[in-house]
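If you're matching them up, the sequences are chains A and B in order. According to the numbering used here, the first sequence is numbered sequentially starting from 1. According to the numbering used here, the second sequence is numbered sequentially starting from 1.
What the hints contain is simulated information worked out from the structure, not anything from laboratory work. Since the structure is predicted, the reported quantities are computational estimates derived from the model, not experimental observations. Every residue, glycine too, gets a C-beta built ideally from N, C-alpha and C. Honestly, I wouldn't trust all of these hints.
[Said to hold, decoys possible] Pairwise CB distance ranges (calculated):
hint : chain 1 : residue 1 : chain 2 : residue 2 : range
1    : A       : PRO40     : B       : GLU17     : 20 to 30 angstroms
2    : B       : SER53     : A       : SER83     : 45 to 55 angstroms
3    : A       : THR31     : B       : SER46     : 17 to 27 angstroms
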Amino acid sequence: GAVVSQHPSWVICKSGTSVKIECRSLDFQATTMFWYRQFPKQSLMLMATSNEGSKATYEQGVEKDKFLINHASLTLSTLTVTSAHPEDSSFYICSADTSGTSTDTQYFGPGTRLTVL
Amino acid sequence: KQEVTQIPAALSVPEGENLVLNCSFTDSAIYNLQWFRQDPGKGLTSLLLIQSSQREQTSGRLNASLDKSSGRSTLYIAASQPGDSATYLCAVKRNDMRFGAGTRLTVKP
């Protein structure tokens, strides 16, 4: 089956620093990737949709200047949390879409736990 | 905007019991519906995927049904085991995937 990886799996950083999270589709090409955020004991909330080679579409309430998304290739999307603060501490999950194939399914990465001190 | 609701929010049952988790969604124009399991601090494990043209899917002790016209899906777990304890998430997909808040299941030995 399709595999999506994320790196790193966890990261601890100081307030004010920037953190980059990578999302890769390992055995398929994904024209669309999605970024979700999950706070403790809450469900996944869609942050943004990124299409290869174009600007990401952000959900209402998500600051595009704070959460920079780059989808430079069909197998890689990155999320950079700029000037991270403790309230940005969360579990970030990406997924890759196989739309256009017979399965039309989203496959999810294992998540990245960000802790901002 | 698609809204996904899961009932109940939490459920505690003794081992061996059969149980049903419910999911409802407001926009029936979906491509598919998926049930996931999430253990504490972990990522998502896909359990069952139902395409919009399908009525149900089965995997082992799990059975999921979909009534797209009424905006409902159920996940049936037979003969529950302590290892089934987790949060179960329902998600519907059209252009993107929207999640319910989940049902936290505890199966007591």
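Hint check results:
In this structure the supplied range 20 to 30 angstroms holds for PRO40 of chain A paired with GLU17 of chain B, their Cβ-Cβ distance being about 28 angstroms. Distance hint check: the CB atoms of SER53 of chain B and SER83 of chain A are about 46 angstroms apart, consistent with the given range 45 to 55 angstroms. Range check, THR31 of chain A to SER46 of chain B: about 21 angstroms between beta-carbon atoms, so the 17 to 27 angstroms window is met.
Of the hints listed earlier, there is not a single one the structure fails to meet.
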